[in-house]
Amino acid sequence: MIKFFLMVNKQGQTRLSKYYEHVDINKRTLLETEVIKSCLSRSNEQCSFIEYKDFKLIYRQYAALFIVVGVNDTENEMAIYEFIHNFVEVLDEYFSRVVIMNYRNVEMTPESIILLFFYLRLMGTKYN
Amino acid sequence: MSDIVEKTLTALPGLFLQNQPGGGPAAAKSSFSSRLGSLVRGITALTSKHEEEKLIQQELSSLKATVSAPTTTLKMMKECMVRLIYCEMLGYDASFGYIHAIKLAQQGNLLEKRVGYLAVSLFLHESHELLLLLVNTVVKDLQSTNLVEVCMALTVVSQIFPREMIPAENSSGYKDLTGSFITILKQVVGGKLPVDFNYHSVPAPWLQIQLLRILRLLGKDDQRTSELMYDVLDESLRRAELNHNVTYAILFECVHTIYSIYPKSELLEKAAKCIGKFVLSPKINLKYLGLKALTYVIQQDPTLALQHQMTIIECLDHPDPIIKRETLELLYRITNAQNITVIVQKMLEYLHQSKEEYVIVNLVGKIADVLVLNTVDTYAPDNAWFIQTMNAVFSVGGDVMHPDIPNNFLRLLAEGFDDETEDQQLRLYAVQSYLTLLDVENVFYPQRFLQVMSWVLGEYSYLLDKETPEEVITKLYKLLMNDSISSETKTWLIAAVTKLTPQARSSNIVERLIQEFTISLDTCMRQHAFELKHLHENVELMKNLLPVDKSCEDIVVDASLSFLDGFVAEGLSQGAAPYKPHHQRQEEKLSQEKVLNFEPYGLSFSSPGFTGRQSPAGISLGSDISGNSAETGLKETNSLKLEGVKKLWGKEGYLPKKESKTGDESETPPIPQESTIMENVDQAITKKDQSQVLTQSKEEKEKQLLASSLFVGLGSDNTISLLGKADTVSHKFRKKSKVKETKSGEMTSIHNITCSSFSSLSNVAYEGDYYLNTLQDRRDKEFKKFSLNSELLDSESLAELHLVEKLSNCSLSTPSLFDDNNMEIFHPPQSTAASVAKEISLASSLLEETTEYIHSNLIEVCNNETVSVSSYKIWKDDCLLMVWSVTNKSGLELKSANLEIFPAENFKVRQGCLDGIHHFFHSDVLALWFRSSCSTLPDYLLYQCQKVMEGS
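Chains A and B, in that order, are what the protein sequence lines are.
By our numbering, the letter at position 74 of the first sequence is numbered 74, and the numbering carries on one by one without gaps.
By our numbering, the letter at position 669 of the second sequence is numbered 669, and the numbering carries on one by one without gaps.
Source of the hints: derived by calculation from the structure; they are not laboratory data.
This structure is a prediction, so every number in the text was calculated from the model and none was measured.
C-beta atoms are modelled at their ideal positions from N, C-alpha and C, and glycine is treated no differently.
Hints should not be assumed to be uniformly reliable.
Said to hold, decoys possible - DEER-style ranges, computed between Cβ atoms:
{"no.": "1", "chain 1": "A", "residue 1": "N72", "chain 2": "B", "residue 2": "M481", "range": "23 to 33 Å"}
{"no.": "2", "chain 1": "A", "residue 1": "N72", "chain 2": "B", "residue 2": "K355", "range": "48 to 58 Å"}
{"no.": "3", "chain 1": "B", "residue 1": "D196", "chain 2": "A", "residue 2": "S43", "range": "30 to 40 Å"}
{"no.": "4", "chain 1": "A", "residue 1": "D92", "chain 2": "B", "residue 2": "Y92", "range": "24 to 34 Å"}
{"no.": "5", "chain 1": "A", "residue 1": "D73", "chain 2": "B", "residue 2": "H583", "range": "42 to 52 Å"}
{"no.": "6", "chain 1": "A", "residue 1": "T29", "chain 2": "B", "residue 2": "Q223", "range": "48 to 58 Å"}
{"no.": "7", "chain 1": "B", "residue 1": "Y92", "chain 2": "A", "residue 2": "N72", "range": "42 to 52 Å"}
{"no.": "8", "chain 1": "A", "residue 1": "K53", "chain 2": "B", "residue 2": "P263", "range": "26 to 36 Å"}
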């Protein structure tokens, strides 16, 4: 089951987060920092799955942007790994690559934000 | 599936822009929520986190004003919600808007409702208090005729409502759906879905995965259902051949399902081949997946580990720690007596490298599991190795490990195995190794490790030949004087010293220690020191109290401390004030101090339960002491950890359970066929190995060697121990510890009693008092008689009496214990009556129903040629029962019996609590039952009865 979905840039700033299980807002910051730290410490030769506490983190890097999904033990890591890619592909389709290149400088249209939410919501219902 | 999502999403901008025909994204930005647009732009332009914070705070305060303004329309509210979501998403608190989101979901038109629901599902969570306000809206929308509204409501339900509100989970109710799921999967796999569902030309991969999971749940342990799905699983395996990540994801799920449902050898073979693809893949993610799959399947089929042993060895030294850990997880599942040393070695290596606490806790738990399990099973490992490994585990993980680990380890040492000499050697080795460890200068061990050491040294130092107890005490003393040791550990240490003191000939160190700690600022330590001091003065008592190597023996204890009743009676007869409980004393003190009370009374004073206790005439009952001091004793165990541990070893409490457990394990049927196959495989592999040896480099040889040591014995009988290992272990642990809890609740160790007797007595923590007038005469005689008769712990209680007598000048105060209706009549059921009737002999006349509880010995109260009256007490969880049986010894038929119990009248009158003693009469045995919700029914009842009967 997916526990959370994060988009974090290389500087460690969270660009988008969605939690499927309630996490206290103060604890989120700490969790996100630790998560991105463990993702940044990995090299390309290492595998894209990390064990973090009792979660598994599955991450993919797109330019300066990390997408990290936290799942529990019963999840199929590879399915999530490909799922991230699917997500990015969909975004890509809509925003013609701008999202991937540099999320921060994009003028996000309001719909895009809403879309992101809808998309995340749909993912949630699919996996919860 | 994802493509459907995509389509839905394409339609969405249109939905938002309904009111503005012809609007594209650009148009939307300018009109629909330009405020949001400018907010996003503003944030994007900022360069520092600080500026972002400032801007958002500004935004939030303006939003706060807007949403709470009465003039705000729903349409504006919708716009505000979107901005709130954005702020919340960036990690800022927008909780002031939650209620407005709910309102929007309640009141808005379709579009506004949608935004409202969206905001709600993002803001709230299942335990949020505002969720209740949403329930009605959701219920209403679920019944709506508009499909979109129903969908929105359903989505919210699945997102934020607690699980209990959406029942499901148990698969057994859905078996009839198996066919449908299979058909769906067949269609998906067969490419019947539109191309839009494809992801990299794989048809709806996530749907497939989900379906495979459902099938796994349905087919688990169900041959008939499993048979239905063999075909479709086979097809899934066949179709998923495209070399893409997502097909591997499907394959992984498929393999998992095949190994989880009722097995079919043909499919298993294919699945095994699949795993090969994973494990041998150069892609690291696939390798990881392969290891994970192997971990799943290896419990069913250990031969797979043999097939991939070289890969596993490589992964064990992989530069990526995640891969390494997954490999260890795999090895953990195949541990057996032959390869345990190698595997544990590898685990320890990893343990030494890892720094993250979670990893350490996890790994330490696994090593301990493996060790304890393999030690409990018949294989006796090398003592030295076992102790050394445990030392390593304690040294690294001592401070973070689960407390069960040291407890289980100590239990293992104490209970031992079948072979007594082996046990002694193990213990001796442990003692020796700890002494060596303690000799090392400037090394700090974790507190838990020190606690384990002190327990073992306290219990088993007597096994040593060379070192004398004095030497051990000296070492413990050195630790005690060390500042870096926690006070909890110090109590363990001093307890160990206490145990060793009776064995030591000279006691200089002990005396020094007593001197040192009787003035300690730590009250707990001081208490221990005083106990030691008192015990030290009476070596005989000490030897009785702390016998050598008796940690496994049960101590039956009279928690009611009834042997002190006489003493209390004596005190009262000499004019001591009856005991008052602490709260009453305080109450009285307060009422004396304050003539006019202007402050409101505290809650405790208004509670009706206390009013009864205030009457000074209230009769106080001797053994109620017991209840309360037993309580104090229990409280003390918090600090007196060692005694707590000691109690764990009592065998009686959990042995039955444990036996049945091990019985189950050993009953696992042997698999003779498999074992022969396994041997063949084993041989084949060793042959292969041998033939390759010549051409291999030295490094490879080392790997081979490692492999052979790791995968040794992975056949035949060992398969049994592999099955579901992790679960049984943890389960076993849990079970034991539960029993331990109840046990410590029921039993009070001697130690606690001694504590409470000679420490609490002096403080007059005595909650007992006596029935004054009746006891004044003949008290001495009765007193002696009583203590001798009533209790189980004869020697202890006598010893106690000594102390008690010494301290008899202390004052006693009063309470009224049986304030309200503590006593009630207990009607024995008919069946019991019948059984009572059958048993004529005195010895066997314990009532059947009652034997399962802790009860005192049957005491004959009085007798003559025809009738004997005996009594015993039963301690139940909630009350204390007193049973008197009157037995006809003569063999003549008793036509009638007339029993008058005079004191009963007294009780009734004075206490208003004993409304009557119920006597039950059947044929020739008469049983009397008293029941009191106060768990410490006083002995004075017994005494009264005895007195009266003797007199009559």
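(request) Mind checking the hinted window 42 to 52 Å against the Cβ distance between D73/A and H583/B? (result) Given about 50 Å between the Cβ atoms, the range holds.
(request) Please test the hint of 48 to 58 Å on the beta carbon pair from T29/A and Q223/B. (result) Holds, since T29/A and Q223/B (Cβ atoms, about 51 Å apart) stay within the stated range.
(message) Verify the CB-CB distance for N72/A and K355/B against the hinted window 48 to 58 Å.
(response) Violated: the Cβ-Cβ distance is about 24 Å, outside 48 to 58 Å.
(message) For the hint 24 to 34 Å, verify it against the beta carbon of D92/A and that of Y92/B.
(response) Because 29 Å falls inside the window, the suggested range holds.
(request) Just tell me: holds or violated, for the beta carbon distance of N72/A and M481/B against 23 to 33 Å? (result) Cβ of N72/A to Cβ of M481/B: about 49 Å, so the range 23 to 33 Å is violated.
(request) With respect to the beta-carbon atoms only, verify the hint that Y92/B and N72/A lie 42 to 52 Å apart. (result) Because 28 Å falls outside the window, the suggested range is violated.
(request) Take a look at whether the Cβ-Cβ distance between K53/A and P263/B falls inside 26 to 36 Å. (result) For P263/B against K53/A, whose Cβ atoms are near 34 Å apart, the range 26 to 36 Å holds.
(message) Given a hint of 30 to 40 Å, does the C-beta separation of D196/B and S43/A actually sit inside it?
(response) Taking Cβ atoms as reference, D196/B and S43/A lie about 37 Å apart, which means the hint holds.
Of the numbered hints given earlier, the model fails hints 1, 2, 7; all others are met.
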